[in-house]
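So you can see what is in the structure, the chains are spelled out below.
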Amino acid sequence: MTATRPAVDVRALPRTVFGHRSLMWWGTIGFIIIEGTTLFICAVTYFYLRRNFTTWPPEHIYRPALLIPTIQAILMLLSNIPMRWVDRASSRMDVPAVRSGLLVCSVLIVAMTILRWFEFQSLKVRWDTTAYGSVAWATVVSHTTLLVLEMAETLAITVLMFGEQVEDRDLAGVSDNALYWYFLTGVWIPLYVIVFLTPYFM
Amino acid sequence: MVLFAMPWVATATQFLAMDRLVATHFFNQAEGGDALLWQHLFWFFGHPEVYIIFIPALGFVSSIVATFTRRPVFGYPVMVLSMVATGFLGFGLWVHHMFATGIPQLGQSFFTGASMMIAIPSGIQIFCWIATIWSGRPRFSVPFLFVLGFVVLFIIGGFTGVMVASVPFDQQVHDTYFVVAHFHYVLIGGAVFPLFGAFYHWFPKITGRMLSEGLGRWNFWLFFIGMNLTFFPMHQLGFEGMPRRIYTYLPETGWGDLNLLASIGAGLIAISMVIFVANVVVSLRGGVPAPDNPWGGETLEWATSSPPRPYNFAHIPVVESRSPLWEQAQPMPVVTGLRTDVRDTLVTTLLDAEPDSKHRHPVPTIWPFLTAVGTTILFVTLIFTPWGVVIGTPLFLLGLLGWGWPHGRDKREQQLVESEA
Numbered sequence: 001m002t003a004t005r006p007a008v009d010v011r012a013l014p015r016t017v018f019g020h021r022s023l024m025w026w027g028t029i030g031f032i033i034i035e036g037t038t039l040f041i042c043a044v045t046y047f048y049l050r051r052n053f054t055t056w057p058p059e060h061i062y063r064p065a066l067l068i069p070t071i072q073a074i075l076m077l078l079s080n081i082p083m084r085w086v087d088r089a090s091s092r093m094d095v096p097a098v099r100s101g102l103l104v105c106s107v108l109i110v111a112m113t114i115l116r117w118f119e120f121q122s123l124k125v126r127w128d129t130t131a132y133g134s135v136a137w138a139t140v141v142s143h144t145t146l147l148v149l150e151m152a153e154t155l156a157i158t159v160l161m162f163g164e165q166v167e168d169r170d171l172a173g174v175s176d177n178a179l180y181w182y183f184l185t186g187v188w189i190p191l192y193v194i195v196f197l198t199p200y201f202m
Numbered sequence: 203m204v205l206f207a208m209p210w211v212a213t214a215t216q217f218l219a220m221d222r223l224v225a226t227h228f229f230n231q232a233e234g235g236d237a238l239l240w241q242h243l244f245w246f247f248g249h250p251e252v253y254i255i256f257i258p259a260l261g262f263v264s265s266i267v268a269t270f271t272r273r274p275v276f277g278y279p280v281m282v283l284s285m286v287a288t289g290f291l292g293f294g295l296w297v298h299h300m301f302a303t304g305i306p307q308l309g310q311s312f313f314t315g316a317s318m319m320i321a322i323p324s325g326i327q328i329f330c331w332i333a334t335i336w337s338g339r340p341r342f343s344v345p346f347l348f349v350l351g352f353v354v355l356f357i358i359g360g361f362t363g364v365m366v367a368s369v370p371f372d373q374q375v376h377d378t379y380f381v382v383a384h385f386h387y388v389l390i391g392g393a394v395f396p397l398f399g400a401f402y403h404w405f406p407k408i409t410g411r412m413l414s415e416g417l418g419r420w421n422f423w424l425f426f427i428g429m430n431l432t433f434f435p436m437h438q439l440g441f442e443g444m445p446r447r448i449y450t451y452l453p454e455t456g457w458g459d460l461n462l463l464a465s466i467g468a469g470l471i472a473i474s475m476v477i478f479v480a481n482v483v484v485s486l487r488g489g490v491p492a493p494d495n496p497w498g499g500e501t502l503e504w505a506t507s508s509p510p511r512p513y514n515f516a517h518i519p520v521v522e523s524r525s526p527l528w529e530q531a532q533p534m535p536v537v538t539g540l541r542t543d544v545r546d547t548l549v550t551t552l553l554d555a556e557p558d559s560k561h562r563h564p565v566p567t568i569w570p571f572l573t574a575v576g577t578t579i580l581f582v583t584l585i586f587t588p589w590g591v592v593i594g595t596p597l598f599l600l601g602l603l604g605w606g607w608p609h610g611r612d613k614r615e616q617q618l619v620e621s622e623a
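So the sequence lines, in the order shown, correspond to chains A and B. Under this note's numbering, think of the first position of the first sequence as 1, with each following residue one higher. Under this note's numbering, think of the first position of the second sequence as 203, with each following residue one higher.
Just so you know, the hints here were simulated from the structure itself, not pulled from any lab data. It is possible that part of the hints are untrue.
Going by beta-carbon spacing under 10 Å, a handful of chain A positions derived as facing chain B [what the hints assert, rightly or not]:
| no. | residue |
| --- | --- |
| 1 | THR4 |
| 2 | PRO6 |
| 3 | VAL8 |
| 4 | LEU23 |
| 5 | ILE33 |
| 6 | VAL44 |
| 7 | MET151 |
| 8 | ALA152 |
| 9 | ASP168 |
Ideal Cβ positions, reconstructed from N, Cα and C, are used throughout, including at glycine.
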C-alpha cells in the first residue's frame with residue numbers, strides 16, 4: 001500500500017442534500033429517462049401504425065369518449081400545484097406543511113387512479129380489435145403502471161411522514177418523489193392528446 | 203446509451219409477448235400491424251448495442267496503451283469527444299440494417315451518410331493511439347499485443363463497414379458471408395481482443411498472480427492468426443454469393459476450399475482458447491506473485507494492494523491529475539473525516555468533482571436479490587402464459603416492499619446528522 005497524507009477533511013459536509021446534489025435525484029432521473037423512452041416508443045408506434053389505415057380510428061370503431069380523459073388531464077396538470085408546494089416545504093424541512101400537502105396529493109393520486117379505470121372504458125375499443133386498439137391500450141397501460149407505482153410511493157411516504165421520527169433524508173425523498181410526480185403528470189398531456197384527441201383530426 | 207437504447211428492445215419484446223398471449227396486433231399485418239415495425243424497434247436498440255459493447259473496449263485500449271507506452275494518451279480531449287460523438291451517432295444508424303427492406307431513397311441516403319460518418323470519430327481515436335505508441339516507449343507485453351491486434355483487426359472491420367454503409371454495395375452482399383466477415387472483424391477485433399488484453403492487464407490486480415507471458419504469447423498469436431484464417435476468406439465467400447445461416451452447400455458452388463481454410467482457422471482459435479484457460483488455471487495456482495503495480499500503470503487501482511482489500515483504500519485518495527501515480531507527489535493525498543463505523547462515502551459535484559456531501563450506503567440485505575428473482579419469475583412465466591403477470595407481479599412487489607420496509611432501517615442516520623451538527 002502506498003504511503004498517504006491527509007489532504008481534504010470532509011467532516012463538516014452535510015448528509016442531506018436536495019436536487020441534483022442528491023444521489024437519489026440522479027436515480028430518479030435515470031428512471032424518468034427509461035420510462036419516458038418507453039412512453040415515447042408507444043407514441044412512435046401509434047403514428048407508425050397509423051400509416052397502415054385509411055381512416056383513424058379504423059372503420060366500424062368509435063372514436064374515444066372525451067369527458068373523463070379531459071377531466072383526468074386537467075386534474076393531472078392541477079395536481080402539480082400542491083405537489084410543488086410539498087416540494088418547497090420539504091426543502092425548508094417544514095414537516096407540518098409536508099404532511100398536510102401530502103395528504104392532499106394522496107387523495108388526488110387515488111382519484112386519478114380511479115379515473116384511469118374509466119379512461120380505459122373511454123377508449124371504446126378492445127386491445128385485440130385491430131392494431132389501433134392494441135397501441136391505444138398499450139400506451140395507456142404503460143402509463144398506468146407508472147401511475148400505480150407513484151400512488152404506492154406517495155401513500156408510503158405520506159405514512160412515513162406521520163411516523164414518530166421524520167429523518168432529514170426522508171424529506172429529501174419527498175422532494176425526489178415530487179420530481180417523479182412532475183414527470184408522471186407532465187408526460188400524460190401529450191399522450192392524452194395522441195390517444196384521445198388525434199382520432200378526431202387525423 | 204444503455205438508458206436510451208434498452209427500453210426499445212424491452213418494449214418491442216412486450217409488444218411481441220402481447221401479440222402472442224393476449225391477441226394484440228402490433229406485428230400482425232392482417233389487422234393493420236406491421237412486421238417492419240419490429241425491425242425498426244429492434245434495430246433502434248440493436249445498433250447502439252454494438253457501441254454499448256464496443257465503447258468499454260475503447261477504455262481498455264486507452265488504459266493499456268498509456269501504461270505500455272509509458273506516456274499519457276495523445277490527444278486526450280479529442281479522444282473523449284470522439285467517444286461522445288460515437289455515442290450520439292450510434293443512435294442515428296439503425297436503418298442501415300434494413301437497407302434491403304425497401305425504404306425510401308431519402309432514408310437510404312441519410313442513413314448511408316450517418317453510417318459513414320461514424321468512421322470519423324473512430325478514425326480519430328485510431329490515430330490518437332498510433333500517435334501515442336509512436337511517441338512513447340512501447341513494451342510488447344501480452345496486453346499490449348492484444349491492443350495491437352485490436353488496431354489491425356478493427357481497421358479492417360471499419361473499412362468493410364464503410365463499404366456496406368453504401369446502399370448499392372450493401373444490396374450486393376446483403377445476407378452473405380461478407381457481412382459475417384465484417385461484423386466478426388468489428389466485434390472480435392473491436393471488443394474481444396481488447397477484452398483479452400484487459401484480462402491479462404488486470405488479472406494480477408484482481409488475483410494477486412501474474413499470468414504466464416509465454417503462454418500468453420501463444421494465446422495471442424494463435425488467436426490472431428486463427429481469427430484471420432477464419433474470417434478473412436469469408437469476404438471472398440460473400441462476393442461469391444455464399445448466403446448466411448446455411449449449414450451445408452453443394453460442391454459445385456466452389457466454396458469448399460475457403461470454408462476449409464475457415465475451419466482450420468477456427469481450430470487454431472479453439473487451441474488458443476485451451477491455452478488461455480490453461481494459463482489462467484496454472485497461474486492461479488502457481489503464478490508469480492503480483493506486486494501492487496506490476497506494469498508501472500498510471501491510474502489509481504495500481505496504488506492499492508493486489509488483490510485489493512474489499513474497501514479498496516483505507517482513505518479515499520485525492521486525485522489532482524489524470525495520471526495520479528505518475529504525476530502526483532508522494533505520499534498520496536487522501537480524504538479524511540468519513541466515519542468508519544458506518545459505510546460512509548463521499549459525493550462530489552458532477553463536473554469539478556469537488557467534495558459536496560456525505561452519503562451512507564445501506565447495510566447488506568437479501569431483498570434486492572429476492573426482487574430480482576421475482577422479476578425473473580415474472581418474465582420467464584410471461585413467455586408461456588399471461589398468468590405470468592398474476593404470478594410474478596406480487597412476487598416482484600413483495601421484494602420491493604421488503605426492500606423498502608422501514609423496520610430494517612436503523613435510526614442512526616438522524617443520530618449521525620445530529621451528532622455531527
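Quick rundown of the hints versus the structure:
1. THR4: Hint holds; THR4/A Cβ to chain B Cβ min 4 Å, cut 10 Å.
2. PRO6: With Cβ-Cβ at 5 Å, under 10 Å, it holds.
3. VAL8: Hint on VAL8/A: holds, closest Cβ of chain B at ~5 Å, below 10 Å.
4. LEU23: The hint holds - LEU23/A has a Cβ within 10 Å of chain B, the shortest such distance being about 6 Å.
5. ILE33: 5 Å, holds
6. VAL44: 8 Å, holds
7. MET151: Because about 13 Å separates MET151/A from the closest Cβ in chain B, which is outside the 10 Å limit, the hint is violated.
8. ALA152: 8 Å, holds
9. ASP168: Status holds, d = 6 Å.
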